[in-house]
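> For the sequence shown, full-length UniProt numbering assigns the number 265 to the last residue and increments by one with no breaks.
By construction, these hints were calculated from the structure, which means they are not laboratory data. Honestly, I wouldn't trust all of these hints.
Said to hold, decoys possible - Below, a list of computed lysine-lysine pairs in the PhoX-like style, where the Cα atoms sit at most 25 Å apart:
(1) Lys211 - Lys54
(2) Lys232 - Lys95
(3) Lys211 - Lys47
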Amino acid sequence: MKRRYFLAFIGSIVLSCLLSLGINLFSSTIATAQTQTILISAAASLKDALEEIKPGFEKAHGHIKVNYNFGASGALQQQIEQGAPADVFLSAATKQMDALAKAGLIDTTTRRNLLTNRLVLIVPKNSALKISDFRSLTNSNVQRIAVGEPRSVPVGQYSEEVLKNLGILEQIRAKLVFANSVRNVLAAVETGNADAGIVYITDAKISDQVKVVATAANNLHSPIIYPIAVIKASKNPQAAKTFAQYLTRAAAKNIFEKFGFGIAR
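Given the sequences, and given the hints that come with them, work out the whole structure.
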């Protein structure tokens, strides 16, 4: 009799363990099945801010995992046009977003202007050159000026507008060294491969190897606007919309402002 009870007791324990294990495995399978991964194609100047925003978003929305693809806005635009996967596009200019809208590649109901920025002139931190404003770039001792490539890099477009409106573009054109992203402009100045460079203030703020010597007046260039939109071909449109909406909330705004971005009105 005792043996029978003992075996029954052991059997109940084993059954409970198996049931518990089965439930846990089932729950894990369901959770995994519900997890959605979204890819955000974003302008290079947003890298540090978006990386800091990511943990808070994923904690608040545990079923959504975020991956980033950073680059020049023009290059990202071309990738999307050629069918590369993306769920959300965040550009450093309206030009690239307008092109995707015209091609019918974004959900226009999700488009909004998210951020603003400022354009600044930077030099290496220990530079001995007397560069105090944009017109100083015409000085003969300034030989290499790093700027973004105007056709594909928004910061290059804005830089060209500033130099043209100041009437010095043709005078210094031979000194210009073109980079394929704003972060490469920053790197050229940090390493001393350029005597000066034109970047966003947000890029200058993350580096302790450069100093800002001038800020471009807003009337010298087109408004620097960062639009955001969900891509029509997104495989997870609701998750993409959730992320885009999150970037408009206080938690994300505070991080953007910490890095020097303005909030678009």
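> Now tell me, hint by hint, if it's right for this structure.
For each hint, the structure was consulted:
no.: 1; hint: Lys211 - Lys54; result: violated (29 Å)
no.: 2; hint: Lys232 - Lys95; result: holds (18 Å)
no.: 3; hint: Lys211 - Lys47; result: holds (20 Å)
The structure is inconsistent with hint 1 alone, although it conforms to all the rest.
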